[in-house]
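Protein chains: 2
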Amino acid sequence: MADAVHTIADIARLAGVSKSTVSRALNGSPLIGAETRERIQAIAAEHRFQLNAPARNLSRKQSNAVAFVTYAYKKGLVADGFLLEVMSGVSSGLADEGYDLLVVHVDPEDTDWARLYLESGRADGFILMQATCTERHIQALRALGAPFSLWGGPPGAHGYCSVTGDSFTGGRLATEHLLARGCERIAFLGGFEVEREVGERYAGYQAALAAAGRPLEAGLVVYGDYSPALAATRIRELLEREPDLDGVFVNSDVMALAVMDALRGEGRRVPDDVAVVGYDDVAAAQYSNPPLTTISQNGPLAGRLLAQSLVQTIRTGVVSSHAIPAELVVRSSA
Amino acid sequence: MADAVHTIADIARLAGVSKSTVSRALNGSPLIGAETRERIQAIAAEHRFQLNAPARNLSRKQSNAVAFVTYAYKKGLVADGFLLEVMSGVSSGLADEGYDLLVVHVDPEDTDWARLYLESGRADGFILMQATCTERHIQALRALGAPFSLWGGPPGAHGYCSVTGDSFTGGRLATEHLLARGCERIAFLGGFEVEREVGERYAGYQAALAAAGRPLEAGLVVYGDYSPALAATRIRELLEREPDLDGVFVNSDVMALAVMDALRGEGRRVPDDVAVVGYDDVAAAQYSNPPLTTISQNGPLAGRLLAQSLVQTIRTGVVSSHAIPAELVVRSSA
DNA sequence: TCCGTTCGTGCAACCGGTTGCATCCCGATA
DNA sequence: TATCGGGATGCAACCGGTTGCACGAACGGA
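Residue numbers (my numbering), protein chains in the order written: chain S, 70 to 403; chain X, 70 to 403.
Among the hints, erroneous ones may be present.
With a Cα cut of at most 25 Å, we get these calculated DSS-like pairs of lysine-lysine [unchecked claim]:
no., chain 1, residue 1, chain 2, residue 2
1, S, K88, X, K88
2, X, K130, S, K130
3, S, K88, S, K130
Calculated directly from the structure, the hints in this document are not laboratory data. Every value quoted in this text rests on a predicted model; they were computed, and no experiment measured them.
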């Protein structure tokens, strides 16, 4: 039994060539003759040889890894299945490009983590989701000149990649659906008012109403913070002010579930008295009572795009923006 | 302005010492005089110096990273919030020990990934969850002699760390609660029958019935595969066979949500006709209809323990097992 | 005063790849 | 046949840390 093969020097000895030739052959360099290259690759494969990542990263001065950054966990807030879906897409997108995925939970107040990861050579770039990062994080990354891509960022962003749902269409589809089922007074319960996505969903809501020749009533538009508790409060306040409300477009499923709960608590039937459309199509949406009609976004696809565009930025400096389609999933709540 | 400080050689120059002294000082080696060490650390801090991770990993022949391994994503199956909670705990536990967290999605059929990560020096150990890995994966890891820790594995496992919920107590608490609210005929809907956790929950169920002097009826015990669809099927079959069923302990919330749905579909009220207790306390449990009474396990805690025990194994070879408490969360479904 | 410790530090090799440059061999051209 | 060009390969330096060992100084004891 031959000794274990652990380094390119071992392969070099076996093949009767030099380290450099092995290195080039394994990296598919055109400098190496086709015949030699194939022979070396065959030997490497036979011994199931793996390049040593730290050594390669040291030489190349890059880590071949990307950090997926989220807040330190808070119960009920980021436990969103959508994050998992996106992460899964990120993971496979990165794997296809030969990058590893690092998951980092940072403190919302801390802005130094990016420099740490970059300067220590542990990550070449970052992926964030707007829902779990602050504007300060984004500013810090831009100041560093760090490559990153962001879910939910503005489409024409400067200096970084963004992937986002087509929130305008989402808002329009949701509202059109409520109109189509005959709702007369349709409320809008948004997430944080300052978020661009929320603004676009609102624009979609507005557009659908306008297209149907309905008035836009400012009193029917309220905002929350994505927490179920506040969503429930908002819907109760709204109900008191506007008792003849008969439909509501809620900006997230987690809020929508709480809203349906609150509506029931107030004696309204869903969807008979008040129809509810959510957003995100979280796993729980299909088991809620009633199953939630919602807007679905393809999380894994979003993740793939985040990964691909980030890798492109790392390699070529090119930044890009993408919008993925929003789709209406009709269940029973509207 | 001095040139940028990027390597220990720069620090060495600034401090008027050698590279080795800097390296030792920054690693807190007792070989270096306290005074020198502090001076060097001060200089490093002043320049916000970061050691280069690949170089260090290359020298030390370890990666200071751990891979959290899950299946390639499948909609609705692993989208469990519990996984996210555990991961969050793993992340902070590893961060405390100076390890990075790598997330790897593997193909269920592939058993070679561990060797790849180990031999390429990208990970020093692995963390898996039984729900998202196969027995083959575990066998492959053991055959490799790779350090790993497993959520949901057998407590006295050989060769690896395990962290698990106290499933016996969980099963007992759930069943006792159903008994306490007056249920007479309590069914058990398990996950995969072969899983140890499922067996323990069943044992807890059994023990609670025995303690109450109730008979154990084999016809009330059925198993699913954690999918909502099969759970719904099982409960309908059960209902047909045992129409006077008035309580059911379901092995996961996702199944429990589907079960409640199916029960309603069959015209039974929850909890009035049939009381339901779930397991896991997923985020959706509190917004379901009715809100689900369930067994909660502290995911972040589990994650921390997985991380800590794995790091201990990597450093010292010691393997350990932990069980975290199960807690009953009473809502409205039972 | 001389020697053996002990303590603190530096030297240089090493970890396992990558890569600029020199070298060599070959056929093609003059 | 001598020369030139270019493709294929090897040499050796380098990436930025870590660490075994040697070395020098200060100290205590005999």
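Checked hints:
Pair hint K88(S) plus K88(X) does not hold up; C-alpha atoms about 28 Å apart against a cutoff of 25 Å. The straight-line distance between the Cα atoms of K130(X) and K130(S) is roughly 18 Å, inside the 25 Å bound, and the hint therefore holds. The straight-line distance between the Cα atoms of K88(S) and K130(S) is roughly 19 Å, inside the 25 Å bound, and the hint therefore holds.
Hint 1 from the list above is the single one not met by this structure.
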